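Student: Let the hints inform the model, and build the full structure from the sequences given.
Keeping their order, the protein sequence lines are chains A and B. With the first sequence counted from 1, adding 15 to any position gets you the numbering used here. With the second sequence counted from 1, adding 119 to any position gets you the numbering used here.
Treat the hints with care, as some may be off.
What the hints assert, rightly or not - Below, a sample of chain B positions facing chain A; criterion: calculated Cβ distance under 10 Å:
| id | residue |
| --- | --- |
| 1 | Q951 |
| 2 | S952 |
| 3 | G953 |
| 4 | S956 |
| 5 | Q957 |
| 6 | Y958 |
| 7 | G959 |
| 8 | F963 |
| 9 | A965 |
| 10 | A967 |
| 11 | V968 |
Rather than coming from a laboratory, the hints here were simulated on the basis of the structure. Fair warning: this is a prediction, and the values are worked out from it, not measured in the lab. Cβ coordinates follow ideal geometry from the N, Cα and C atoms, glycine included.
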Amino acid sequence: MLVVNFLLLAAVLFCIGVYGVIARRNAVLVLMSIELILNSVNLNFIAFSLMHGNIDGQVFALYVIAVAAAEVGVGLAMVLMIYRNRKSIALDELSEMKG
Amino acid sequence: MLAAETLVSGWFLENAWLIGLIPALGFAVIIMFGKHLPMKGAEVGIGSMAASLVISTGAAYQWVQRTDAADSHGEEAAGLISGFARSLAPHAAEGGHAPEPFVEPVVTTWVWWQNSGLEFGIGSSVDGLAVLMLWLVAFITLLIQIYSVAYVRGDRRYTHFFASLTLFAAGMLVMVMAENMVQLILGWEIMGLCSFLLIGHWWEDEANSRAALKAFFTVRVGDIGLLVGVAIIFFGSNQWAVDNLDSNGFNIAAIQAWALSGDPSATNWVLIAGAAALFVAAIGKSGQFPLHTWLPDAMAGPTPVSALLHSSTMVVAGVFLVARVYPVFWQGFNIDDGGLSFIAIIGGITIIVGALLAFVQDDIKKVLAYSTVSQLGYMMLALGTGAWLAAVFHIFTHAFFKSCLFLAAGSVSHSGSHHSFDMKKDMGGLRKPMPVTFAVWIVSTLALTGVFPFAGFWSKDEIIDNVGHHGYTFLFWVGLIGAAMTAMYMTRATYLTFFGEPRGAAAGEHHEDEEHAEEHEMETLTVGAHVKTLSAAANIGNGGVGAGDDGGLSDDGGSGDEPHAADGDDHGNDAGSDHHDDRGPHESEMLILVPIVILAFFALFSGFTNATPLGEDWERVKTYVEPRAAEVPIDEYLASGPGESLTLVIPNAEEGEGEDESHGEEAGAESHAAGGCGFETPEPGTACFFPSLTHAEPTISKIFLSLGVVAAAYAVAIAFNVMYYGRRNKRLFGLTERSRSLRGGYLFLKNKYYLDALYENVIVHAVAHPIANAVYWFNQHVLDATVDKVGEGTKRTGIWMYDNIDQKIIDGAVDGSGQVASEAGHALQPTQSGKVSQYGALLFGAAAVFAIVLVIVNVS
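Tutor: See below:
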């Protein structure tokens, strides 16, 4: 029962994150949404770790947090550069990658 | 009762491969850094040989321990067994001999090469024979290198000399410790190369480089036999070795076991072909009769090289090869039946041929060279008649006294006769100025001629005795006659060198001395050059005269076949450091004397290591070196891994079937004992590694017979020399120059039976030239035409291929694939919108689809 609550919370957070990534135009908000996804995964890890009495999941969550911090660092730097060049961080205006 | 006992091994036995590796590394060091070292590389050579000597001494000691341990277990087991075995097999117990257990070699190898299940290693396989040879080679090479420091001092290729000498020893050591035939070939070829380098050390003189080439090519003729023989034996034995010993047809132990296995694959014809091919190799390397001609020419090298070549390395390699794979020869040539084997015949011929040639040589080193040929004949004779132990023991003793004789001859020429080796022109009366050299020469001459109690007596007498014992009466007399002839020609050489009036350089009669003294004082290059022109002028003026009384002039270049002829070139720097002053002959320096004195000591006493007539306790070489002819259970043999200590079962103790050796002797068997290894097929599941040999019982009458023959020969020879040369030593007119028939015989010998002429004029010119012409014609008309036609055809095919296949099919395919890729890319282009959110939606959508698929798959 306890675990189910955790998993539900994580699923909700995940869905919010996915919605943010897909629907938001603001690049900073997209980054924040990605953080939400990652944290929902972290929650899953810790929940399963508790359920099985195995410490591995928690250790893995620590790694994910570290990777997320690095990722946000890189992402924010990119957003900053985009803002300086274009005075805008709206993602739908960025279509230079169009094939 | 399986009395499995762990045999004693040891560090030295397991790491015996270092004995060969250290000199090989020493060679590399000398070649790379030798010239910058304080002693120009000599110290590296001597150091590496000393290290090898230490390790091989340790290995020998541990091998003795190992054998003792095996024997003591064998005796215990035999004591238990003989109680009930007595009724079953009375002969086993009667002799009171314990069955001698087989002592396995200590093998340490690494995989050298492997391919499709066939692999062979490189490393060491140490048994009694290997230990004996390793120690011998390391010991003799060390002494010869020490000697060389003084002897070749100032030589222009001093460093290279030591490098080659060290590699030479490494080659022999690698060969001796070989566990498989491939490693044996490796060592064999290294030696062949080094002998070429060393014989041609002073290659500026054309005679020397010709001699080097001759040695190389003559030995190569034999080497073909080696390759063919190894191949025949490999294909013959491989299947048996794989099936029974988990080994292959290169493994020497497997070959030995296969030859004695009585397996259908070990048919007579395979064995005869293999043994004959291998024996051709031994003929080439060991200077046996038809191919002995390279050996005397090898005297063109520096004297230490001759000493090394003729004692412990190179020439005994052939004998070693036969001794190593002895079962193949044993079965192939039917030595077990007492048949007159090919090896024995060749050996007997070589004894007489070599000894006869030694009579007519004026060059002291050539006398010794033909003496070596003759002594190698003894070894082959012994091997060919089943006297394995006597042959190996003769290798051992012969190495000491022959290297001692060569080094003494070198000492004579170095300090006594001014680099001449001509006994008639430049020697005589040298016993007074060179007492130490004279003493060691006498000791080793007595050893060579087989005088009691010197080394040669024990070994050569044993050979002759065993040949007679095995029923070869004719060859027995050949051996005795050879011994008498040895005594005679050595007396001649001794007399001409050390007795009588000094002649030529020995009398200090050469102009060269004063000039050298002058050079010694002034030590300027210009004077040296001046001396060279002077001596060159002297040589031109003196060329072709070469008579005895003015030989002093020509001793440095007048005679064309003189190895040291170009003395002004070879020893140009020599005079300064050589203690040459204006007195003539003098004793050599300590660096030369110490090695020969040590060798003389061994020439005197080494015979006591296997003094058969003194009783069994003296037969140490037999106990520790001769492989035991015992049937070894194969699974026990397989248990031995590289470098591990080995386990052993007392062979056949449970069957009560003892060693037949004692039985054979006791029954007074005329030739060979019946039964035992080499006579019967080994029991299933066991293997023999050595045939069961019998040994002659020494009898007083035979000893006195051989001693009497030698003594008589000495008496005759001394009388002749004193009467003949003593009266006429001023001008040495030969008897041969007055008697027509003797002259004919003399010329026949002097021209070495015209074998060289046969090889060079008849075989090379008459056979090789037509063949070369035929080959050339074939080359021009058949091969070239074929090549042209083939080329034309190829060109046409190529053009057609280019037009049709290349341009149309291959190019079309390449172009088509490019176009397909391009079209597909354009078709997929619209999916790349560049919008991040769209990419994210695709990503998550795909992830969701996969997740759903995963769930469905897992649930259902």
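Student: Are the hints correct? Go through all of them and say.
Tutor: Evaluation of the provided hints:
1. Q951: It holds, given that the least Cβ distance between Q951 (chain B) and chain A is near 3 Å, below 10 Å.
2. S952: Given a least distance of 6 Å, the restraint on S952 (chain B) holds.
3. G953: Since chain A brings a Cβ to about 3 Å from G953 (chain B), closer than 10 Å, the hint holds.
4. S956: Where the cut-off is 10 Å and the nearest Cβ of chain A is about 5 Å from S956 (chain B), the hint holds.
5. Q957: Holds, because the Cβ-Cβ distance from Q957 (chain B) to chain A comes to roughly 8 Å (cut-off 10 Å).
6. Y958: With a minimum Cβ separation of about 9 Å from chain A (threshold 10 Å), the hint on Y958 (chain B) holds.
7. G959: holds, 5 Å
8. F963: F963 (chain B) check passes; min Cβ-Cβ to chain A is 5 Å, inside 10 Å.
9. A965: violated, 13 Å
10. A967: Cβ of A967 (chain B) sits 9 Å from chain A, so the hint holds.
11. V968: violated, 14 Å
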